[in-house]
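Asks: Each chain is listed here by its residues.
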Amino acid sequence: MKLLAFHLMPYRPLDLDAAAKARSAWVVLPNSLYDPVKGADEYERHIDLLVYGETLGFDGIGVNEHHQTAYGMMPAPNLIAAALIQRTKKAKIAILGRALPLQNNPIFVAEEYAMLDNMSRGRIIAGFVRGIGAEYHSSGTNPFFSHERFHEAHDLIVRAWTEPGPWSFDSENFNIRYVNLWPRPYQQPHPPIWIPSQGSSETVAWASHPDRKYPFLVTFSPGELVTRYLNGYRDQARKYGYEPSGDQLGWAAPIYVAETDERAREEAKAGLETLFNNYLRMTGEMLIPPGYTSQQSMKAFFRNRQSFATRDNFMSMEHLLANGVALVGSAKTVLAGIERMREATGMNILIGLFQFGTLSDERARRSMERFAAEVMPHLRS
Amino acid sequence: MPAQVSTVTIRDVAVKLHRVGQGPPVLFLHGANGLMQWLPFFDAIADGFEVWVPEHPGFGGSDDPAWIRNIPDLAMFYLDFVEEMGLDKFHLIGHSLGGWLAAEIAIRDRSRLKSLTLMSAAGIRVKGLPSGDLFIWGPEETVRNIWHDQAMAERMLAIKPTEAQMDVMLKNRFTSTKFGWQPRWFNPDLEKWLHRLKLPTLVVWGRQDKVFPWQYADLWVERLPQARLVMVEECGHAPHVEKADNVIAEIRAFLKEASR
Numbered sequence: 000m001k002l003l004a005f006h007l008m009p010y011r012p013l014d015l016d017a018a019a020k021a022r023s024a025w026v027v028l029p030n031s032l033y034d035p036v037k038g039a040d041e042y043e044r045h046i047d048l049l050v051y052g053e054t055l056g057f058d059g060i061g062v063n064e065h066h067q068t069a070y071g072m073m074p075a076p077n078l079i080a081a082a083l084i085q086r087t088k089k090a091k092i093a094i095l096g097r098a099l100p101l102q103n104n105p106i107f108v109a110e111e112y113a114m115l116d117n118m119s120r121g122r123i124i125a126g127f128v129r130g131i132g133a134e135y136h137s138s139g140t141n142p143f144f145s146h147e148r149f150h151e152a153h154d155l156i157v158r159a160w161t162e163p164g165p166w167s168f169d170s171e172n173f174n175i176r177y178v179n180l181w182p183r184p185y186q187q188p189h190p191p192i193w194i195p196s197q198g199s200s201e202t203v204a205w206a207s208h209p210d211r212k213y214p215f216l217v218t219f220s221p222g223e224l225v226t227r228y229l230n231g232y233r234d235q236a237r238k239y240g241y242e243p244s245g246d247q248l249g250w251a252a253p254i255y256v257a258e259t260d261e262r263a264r265e266e267a268k269a270g271l272e273t274l275f276n277n278y279l280r281m282t283g284e285m286l287i288p289p290g291y292t293s294q295q296s297m298k299a300f301f302r303n304r305q306s307f308a309t310r311d312n313f314m315s316m317e318h319l320l321a322n323g324v325a326l327v328g329s330a331k332t333v334l335a336g337i338e339r340m341r342e343a344t345g346m347n348i349l350i351g352l353f354q355f356g357t358l359s360d361e362r363a364r365r366s367m368e369r370f371a372a373e374v375m376p377h378l379r380s
Numbered sequence: 000m001p002a003q004v005s006t007v008t009i010r011d012v013a014v015k016l017h018r019v020g021q022g023p024p025v026l027f028l029h030g031a032n033g034l035m036q037w038l039p040f041f042d043a044i045a046d047g048f049e050v051w052v053p054e055h056p057g058f059g060g061s062d063d064p065a066w067i068r069n070i071p072d073l074a075m076f077y078l079d080f081v082e083e084m085g086l087d088k089f090h091l092i093g094h095s096l097g098g099w100l101a102a103e104i105a106i107r108d109r110s111r112l113k114s115l116t117l118m119s120a121a122g123i124r125v126k127g128l129p130s131g132d133l134f135i136w137g138p139e140e141t142v143r144n145i146w147h148d149q150a151m152a153e154r155m156l157a158i159k160p161t162e163a164q165m166d167v168m169l170k171n172r173f174t175s176t177k178f179g180w181q182p183r184w185f186n187p188d189l190e191k192w193l194h195r196l197k198l199p200t201l202v203v204w205g206r207q208d209k210v211f212p213w214q215y216a217d218l219w220v221e222r223l224p225q226a227r228l229v230m231v232e233e234c235g236h237a238p239h240v241e242k243a244d245n246v247i248a249e250i251r252a253f254l255k256e257a258s259r
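Chain order of the listed sequences is A and B.
Just so we're aligned: 21 in numbering that gives the first Met the number 0 is position 22 of the first sequence, and the numbers increase by one with no gaps anywhere.
Just so we're aligned: 67 in numbering that gives the first Met the number 0 is position 68 of the second sequence, and the numbers increase by one with no gaps anywhere.
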C-alpha cells in the first residue's frame with residue numbers, strides 16, 4: 000500500500016471563542032485573529048512535521064490549497080511543496096491539489112507543477128480539485144461555471160505538458176495565444192494526476208475514464224460513503240471495460256495511534272473535535288454555492304440540512320469514530336480499520352492526516368512514529 | 000380580469016409570458032427571485048395599460064438555454080423578444096436584476112421605449128459600498144433583509160413552499176448565480192453608457208434597502224439624464240410589494256405622464 004502523511008496546516012493558536020463569533024472559520028473569519036509571530040512558528044513546525052514523514056518511511060507527503068481560513072494556512076501549496084523538496088530526498092510530494100477553476104490562467108499551474116517536478120527530479124504528484132464551495136466566495140470565481148472551468152483548465156494543463164509548443168488554446172473560459180511551457184515536466188509524459196474528491200458521480204465518471212484512469216481519493220467522509228464511492232469508481236471502470244488497480248483508489252482520513260485505544264481517544268479528542276467543529280465550521284451557503292453541484296445534489300443537501308438543524312450538530316469524536324470518518328486507537332485497532340477498508344474497496348493508497356485541529360506537534364510525532372513502527376510494516380507485506 | 004398565460008418561442012427559447020390589461024404596453028422584468036407569485040402590483044398597473052410579465056430564460060417556467068451566459072446576452076435576447084412580439088412604444092419597468100436587465104436593453108436600443116422605471120436596480124455599483132451578500136445570507140436572513148417591515152418578513156417565512164416551488168426557487172437561484180456572482184450584481188461597462196438614455200426615467204428605491212443601499216439610487220439618478228427619484232421611506236428591497244399603494248400611485252402617474 001502507498002502511504003502518505005498529510006496535514007492541512009491549521010492555525011492552531013486560534014482563539015476558538017473569538018472565532019466562534021464569526022459566521023464561519025472561512026471567508027469572513029477576521030484576520031485580526033491571526034498573529035504573524037505565532038504563525039511563523041506554525042509554518043516551521045508544520046513543515047518539520049511533514050519532513051519527518053520521509054524520515055519515518057512514508058512514500059509521500061502531502062499538502063493542499065485553501066483560502067482565507069484558519070483551517071489551512073496554505074493558500075499557495077506549491078510554496079510549501081518547494082520548501083519540502085529542499086528538505087527531502089526520496090518522498091513523493093503530493094499537492095492535493097490545486098483548485099483549477101479559481102485560476103484565470105491555468106498555464107501558471109502547469110508551469111509551477113513543471114518547476115516542482117524538475118526541482119524534485121520527478122517526485123511530484125499533481126492533484127487537481129475544484130476547491131470546496133467557500134473558495135468561490137473567497138476568490139469571487141463564479142461557481143456556476145466551476146465544472147466547465149475545471150475541465151477546460153485540466154485539458155489545457157495536460158496538453159501544455161505533453162504537446163510541443165508554441166500553440167494556441169481556445170475554450171469558453173480560457174483563450175491563450177501562446178502555450179509554450181518552459182520548463183517542461185521532468186516525469187514523462189507528465190506527473191501523475193490524482194483527483195481528491197467528495198465523491199460526486201460526475202467526478203467518478205470523469206476520473207475513471209480510460210483516457211485518464213486518474214487515482215481517485217475520497218476525503219473526510221464516513222466509512223460507508225468511502226466504500227460506496229470507491230466501489231462506484233470500480234463499477235464505472237468496469238462499465239468502461241477495464242478492471243481498475245488498487246493504485247487508482249485512495250482514502251484520506253485523520254489517523255491517531257497510541258499505546259492503547261483508550262489513550263489514543265483521550266489524546267486525539269480535542270484535535271479531532273476542533274477540526275470538525277471549529278476549523279471546518281461553515282454555513283451551507285458557503286459549502287455548496289449554486290452551480291457548484293447539480294440542482295439535484297443541492298436539493299438533497301439542503302433537505303438533509305433541514306432535518307439537521309433541529310438537532311445539536313456538534314460532531315463528537317465518538318460520533319466521528321462510529322461513522323468511520325477517522326481512525327483512532329492502538330496500532331492494532333488502526334491497522335484493523337485500514338484492513339477493513341482495503342477489503343471493502345481494494346484501495347491501495349492511504350493518506351493519513353496525522354496532525355488535525357489543535358493536536359500538538361509532540362502528539363502528532365508520537366502517533367506518526369507508532370504508526371511507522373507498528374502499522375506500516377503490516378501494510379508493506 | 001386574470002392574467003393570460005402563454006408560452007411564446009423566441010429563437011430556440013420557450014418563454015412563459017403573463018399578460019393582463021388593455022392599453023399602452025408595459026414590459027415588466029422580474030428580479031433574481033423570479034416570479035414566485037402574481038403580484039397585486041401588476042393588476043393595479045394593468046388598469047389602463049397592457050402589462051407583459053415574461054419569466055426570463057433560466058427562470059420559472061421558461062427554458063434555460065446554456066448559450067445565455069450573462070445579462071448582456073439576456074438583454075440581446077429581449078431585443079429579439081420585443082421585435083418578434085411586435086412590442087413598440089412600450090414602457091419598461093425592471094426590479095432588481097430586472098432593473099439591471101432593463102438598463103442593458105435600453106442602452107442597446109431605446110427606439111421602442113416610451114419610458115424606463117428602475118426599482119432597486121442591480122447593474123451598477125457604488126465603490127466602497129458593496130451590495131448585501133445574497134449568496135452568503137442564509138434563507139431566513141435573506142427574507143429578513145429583503146423586507147424592512149419584519150411583520151411582513153414573518154408572514155413570508157410562514158409560507159412553506161411546495162416541492163414544485165422549491166424546484167423553481169432552485170432553478171432561479173442557479174440562474175441568478177450565473178448572472179450575478181462575479182462581478183457581484185453589476186456590469187462594469189454599463190455605467191459609462193447611461194448618459195445615452197435620454198427618455199423619461201423613474202428611479203424607485205426603498206430607503207432601508209439592505210441589498211442595494213439607497214446610495215445606489217443616487218448614482219443612478221446622477222448618471223441618467225432625465226431621471227426622477229422616488230425614495231420610499233420605511234421600505235426594503237421590494238418597494239412595489241412592501242409599499243405597494245404608494246409605489247403604484249407614483250408609477251401610474253409617471254406612466255400616464257410619459258404616455259402623452
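Simulated from the structure, these hints should not be mistaken for lab results.
Check each hint, because a few of them may be wrong.
[Claimed, not checked] Coverage of chain A stretches by chain B, computed from C-beta distances (three or more under 8 Å per stretch; other residues unrestricted): (1) 123-129; (2) 138-145.
[Stated by the list, open to error] Take a look, some chain B residues computed to stay more than 10 Å from chain A by CB distance: (3) Met84; (4) Lys88; (5) Arg172.
We put the CB at the ideal spot given by N, CA and C, even for glycine.
Asks: Does each hint hold? Answer for all of them.
Replies: Cross-check of the supplied hints:
1. 123-129: violated (count 0)
2. 138-145: Answer holds; 6 residues pass the 8 Å Cβ test.
3. Met84: At roughly 29 Å from the nearest Cβ of chain A, Met84/B sits farther out than 10 Å, so the non-interface label holds.
4. Lys88: Lys88/B clear of chain A: closest Cβ-Cβ about 36 Å, beyond 10 Å.
5. Arg172: It is violated; Arg172/B is separated from chain A by about 5 Å at its closest Cβ, not greater than 10 Å.
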